[in-house]
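Residue numbers (this note's numbering), protein chains in the order written: chain A, 1 to 243; chain B, 1 to 243.
Simulated from the structure, these hints should not be mistaken for lab results. Be aware that one or more of the hints could be misleading.
Which copy is meant is left open, so a pair is good if it fits within one copy or across any two.
[To be verified] Calculated cross-link-like contacts (lysine to any residue; reagent style SDA-like; alpha-carbon spacing at most 20 Å): (1) Lys-57 / Asp-47; (2) Lys-18 / His-104; (3) Lys-18 / Ser-195; (4) Lys-210 / Glu-111; (5) Lys-57 / Leu-45; (6) Lys-236 / Glu-160; (7) Lys-203 / Val-147; (8) Lys-203 / Gln-56; (9) Lys-18 / Phe-151; (10) Lys-236 / Arg-39; (11) Lys-57 / Arg-39; (12) Lys-210 / Lys-236; (13) Lys-210 / Leu-234; (14) Lys-210 / Arg-171; (15) Lys-57 / Arg-171.
Keep in mind it's a predicted model, so treat the numbers as computed, not measured.
Below are the chains, spelled out letter by letter.
2 protein chains.
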Amino acid sequence: MVRTAAALIIGNELLTGKIQEANLRVLALALRSLGIELRRASMVLDDVETIAEEVQKLASSHDVVFTSGGVGPTHDDVTVEAVAKAFGVAVVQNEPIAAMLRAHFQERCTEGHLRMALVPEGAELVRNSEIPWPCVVMRNVWLLPGVPEAFRAKMPLLRERLEGGRPFVTRSVYTQMDEGELKPLLDRVVESHPSVEVGSYPKWRDPSYKTKLTFDGQDGEAVEDAMRAFVELLPKGEPQRIE
Amino acid sequence: MVRTAAALIIGNELLTGKIQEANLRVLALALRSLGIELRRASMVLDDVETIAEEVQKLASSHDVVFTSGGVGPTHDDVTVEAVAKAFGVAVVQNEPIAAMLRAHFQERCTEGHLRMALVPEGAELVRNSEIPWPCVVMRNVWLLPGVPEAFRAKMPLLRERLEGGRPFVTRSVYTQMDEGELKPLLDRVVESHPSVEVGSYPKWRDPSYKTKLTFDGQDGEAVEDAMRAFVELLPKGEPQRIE
Numbered sequence: 001m002v003r004t005a006a007a008l009i010i011g012n013e014l015l016t017g018k019i020q021e022a023n024l025r026v027l028a029l030a031l032r033s034l035g036i037e038l039r040r041a042s043m044v045l046d047d048v049e050t051i052a053e054e055v056q057k058l059a060s061s062h063d064v065v066f067t068s069g070g071v072g073p074t075h076d077d078v079t080v081e082a083v084a085k086a087f088g089v090a091v092v093q094n095e096p097i098a099a100m101l102r103a104h105f106q107e108r109c110t111e112g113h114l115r116m117a118l119v120p121e122g123a124e125l126v127r128n129s130e131i132p133w134p135c136v137v138m139r140n141v142w143l144l145p146g147v148p149e150a151f152r153a154k155m156p157l158l159r160e161r162l163e164g165g166r167p168f169v170t171r172s173v174y175t176q177m178d179e180g181e182l183k184p185l186l187d188r189v190v191e192s193h194p195s196v197e198v199g200s201y202p203k204w205r206d207p208s209y210k211t212k213l214t215f216d217g218q219d220g221e222a223v224e225d226a227m228r229a230f231v232e233l234l235p236k237g238e239p240q241r242i243e
Numbered sequence: 001m002v003r004t005a006a007a008l009i010i011g012n013e014l015l016t017g018k019i020q021e022a023n024l025r026v027l028a029l030a031l032r033s034l035g036i037e038l039r040r041a042s043m044v045l046d047d048v049e050t051i052a053e054e055v056q057k058l059a060s061s062h063d064v065v066f067t068s069g070g071v072g073p074t075h076d077d078v079t080v081e082a083v084a085k086a087f088g089v090a091v092v093q094n095e096p097i098a099a100m101l102r103a104h105f106q107e108r109c110t111e112g113h114l115r116m117a118l119v120p121e122g123a124e125l126v127r128n129s130e131i132p133w134p135c136v137v138m139r140n141v142w143l144l145p146g147v148p149e150a151f152r153a154k155m156p157l158l159r160e161r162l163e164g165g166r167p168f169v170t171r172s173v174y175t176q177m178d179e180g181e182l183k184p185l186l187d188r189v190v191e192s193h194p195s196v197e198v199g200s201y202p203k204w205r206d207p208s209y210k211t212k213l214t215f216d217g218q219d220g221e222a223v224e225d226a227m228r229a230f231v232e233l234l235p236k237g238e239p240q241r242i243e
């Protein structure tokens with residue numbers, strides 16, 4: 001069973017602020033519904049050594065790792081090389097992928113295009129009838145594309161392949177109280193409901209509420225209990241709403 | 001001179017996909033304009049041990065580190081405790097901050113509110129006449145708030161305090177060519193302009209271009225040269241536009 005996951009987000013364009021990262025949340029929500037806990041994300045530059053080191057560290061401390069980005073054919077796409085390095089294997093051309101590229105580009109197919117057929121030696125191709133372009137999976141590391149539409153398109157493959165635990169559930173309570181006032185009430189609920197993760201999020205400039213409280217866990221009944229216990233501690237007129 | 005930076009983004013709400021991370025890009029852009037390279041970002045859960053370990057690692061390998069989140073008064077706000085632990089110091093109440101809190105909340109001021117006056121021992125308060133609520137800075141680690149409006153409001157303090165290098169500049173070229181076709185042209189420019197960082201970003205479903213090429217560096221003339229050298233290699237009808 002897959003319990004813990006990490007994400008490795010790769011790309012200079014993110015750390016230079018050129019674009020807003022958009023894949024992590026998609027992955028986080030997919031994993032929640034699979035009952036897999038995303039424990040950490042790292043964002044690094046397009047550098048083989050840095051990526052290889054990070055892959056090694058994350059893959060040895062989590063059940064599954066997802067990389068995002070760096071899988072195209074240009075000089076700044078170094079994820080395949082880095083993952084191969086992390087596992088001490090060579091980079092080889094995958095024949096089924098090369099054949100797909102040749103069929104797609106026909107006489108326009110260049111060396112550049114064929115670079116997209118390179119995989120770490122021993123990698124597995126994951127695909128299905130609706131997603132013919134494969135995902136490269138090296139041991140417990142999934143190499144996902146950085147382009148958000150392409151990243152999102154791979155999520156059904158995760159759902160098909162990974163067996164997690166019970167899906168996580170969340171309840172949310174909105175109040176007009178501030179965190180200083182809420183703290184003693186929250187402490188009581190946190191102490192009496194150890195299996196439920198309680199979050200507190202102040203919001204600025206929203207007239208409808210001041211603080212949002214969240215109750216999360218894999219045991220839906222415990223989550224519901226914790227939420228109810230908290231609501232009972234609130235003064236008259238609260239909460240503003242429950243979701 | 002401050003050359004390298006890392007970000008530590010803290011919060012269960014991000015790794016569970018409840019909200020979209022919004023501070024990293026704001027920080028990245030502020031640092032670019034200061035000539036400071038953001039080399040890495042880590043995103044972790046609200047766990048003291050994990051945060052302390054990460055702070056230690058990032059602070060010892062970068063000139064400056066920015067944390068985002070976990071500085072409120074509730075049980076899930078553990079950044080101050082973790083930073084103190086990372087530097088092996090105690091958590092103490094800062095009198096100037098406690099006085100500000102008492103003045104603000106008056107007779108409503110609780111123990112919970114006063115938790116926001118806790119700082120790692122030896123921390124410095126950074127503020128100016130327009131930003132009276134201070135930023136807590138422990139050695140080379142800035143503790144920034146997670147709420148996006150509050151995070152953004154602190155950026156002028158970075159500009160005032162940190163002396164970086166020359167600001168980074170970027171030029172962008174948009175083409176209808178795909179990355180496989182572009183690769184040999186890019187390789188020539190990358191080789192002949194080692195001080196310029198060249199990026200290649202395919203775009204799906206945008207009729208106006210297929211691939212965006214970026215040229216980045218602190219030497220504006222070199223960036224311009226690399227961009228021009230690339231444009232001269234393009235076939236007739238390209239590029240679509242230059243920015």
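Identical-chain pair category, Lys-210 with Lys-236, by Cα at 20 Å
within (16 Å within a copy, 58 Å between copies)
Evaluate Lys-210 and Glu-111 at a C-alpha cut-off of 20 Å and name the case that applies: within, between, both or neither.
between (57 Å within a copy, 19 Å between copies)
Can you give me the call for Lys-18 and Ser-195, within, between, both or neither, at a CA distance of at most 20 Å?
between (40 Å within a copy, 19 Å between copies)
Go through the copies and call it for Lys-203 and Gln-56: within, between, both or neither, with a Cα cutoff of 20 Å.
Close neither inside one copy (38 Å) nor across copies (30 Å); limit 20 Å.
Taking 20 Å as the upper bound on the Cα-Cα distance, should Lys-203 and Val-147 be classified as within, between, both, or neither?
between (31 Å within a copy, 7 Å between copies)
Go through the copies and call it for Lys-57 and Leu-45: within, between, both or neither, with a Cα cutoff of 20 Å.
Answer is both: 16 Å inside a copy and 17 Å across each meet the 20 Å cutoff.
From the Cα coordinates, with 20 Å as the cut-off, is the pair Lys-18 and Phe-151 best called within, between, both, or neither?
Both. Shortest intra-copy (19 Å) and inter-copy (19 Å) distances satisfy the 20 Å Cα cut-off.
Taking 20 Å as the upper bound on the Cα-Cα distance, should Lys-57 and Arg-39 be classified as within, between, both, or neither?
Answer is both; intra-copy 13 Å and inter-copy 18 Å each pass.
Under a CA distance limit of 20 Å, which applies to Lys-210 and Leu-234: within one copy, between copies, both, or neither?
So Lys-210 and Leu-234 pass the 20 Å test inside one copy only (14 Å; across, 55 Å).
Copy assignment of Lys-236 with Glu-160, given that the CA separation must stay at most 20 Å
neither (47 Å within a copy, 46 Å between copies)
Up to 20 Å CA-CA - Arg-39 versus Lys-236, copy category
neither (37 Å within a copy, 49 Å between copies)
Under a CA distance limit of 20 Å, which applies to Lys-57 and Asp-47: within one copy, between copies, both, or neither?
For Lys-57 and Asp-47, both the intra-copy (16 Å) and inter-copy (19 Å) Cα distances are at most 20 Å.
When held up to the earlier numbered hints, the structure conflicts with 2, 6, 8, 10 and 15 and fits the remainder.
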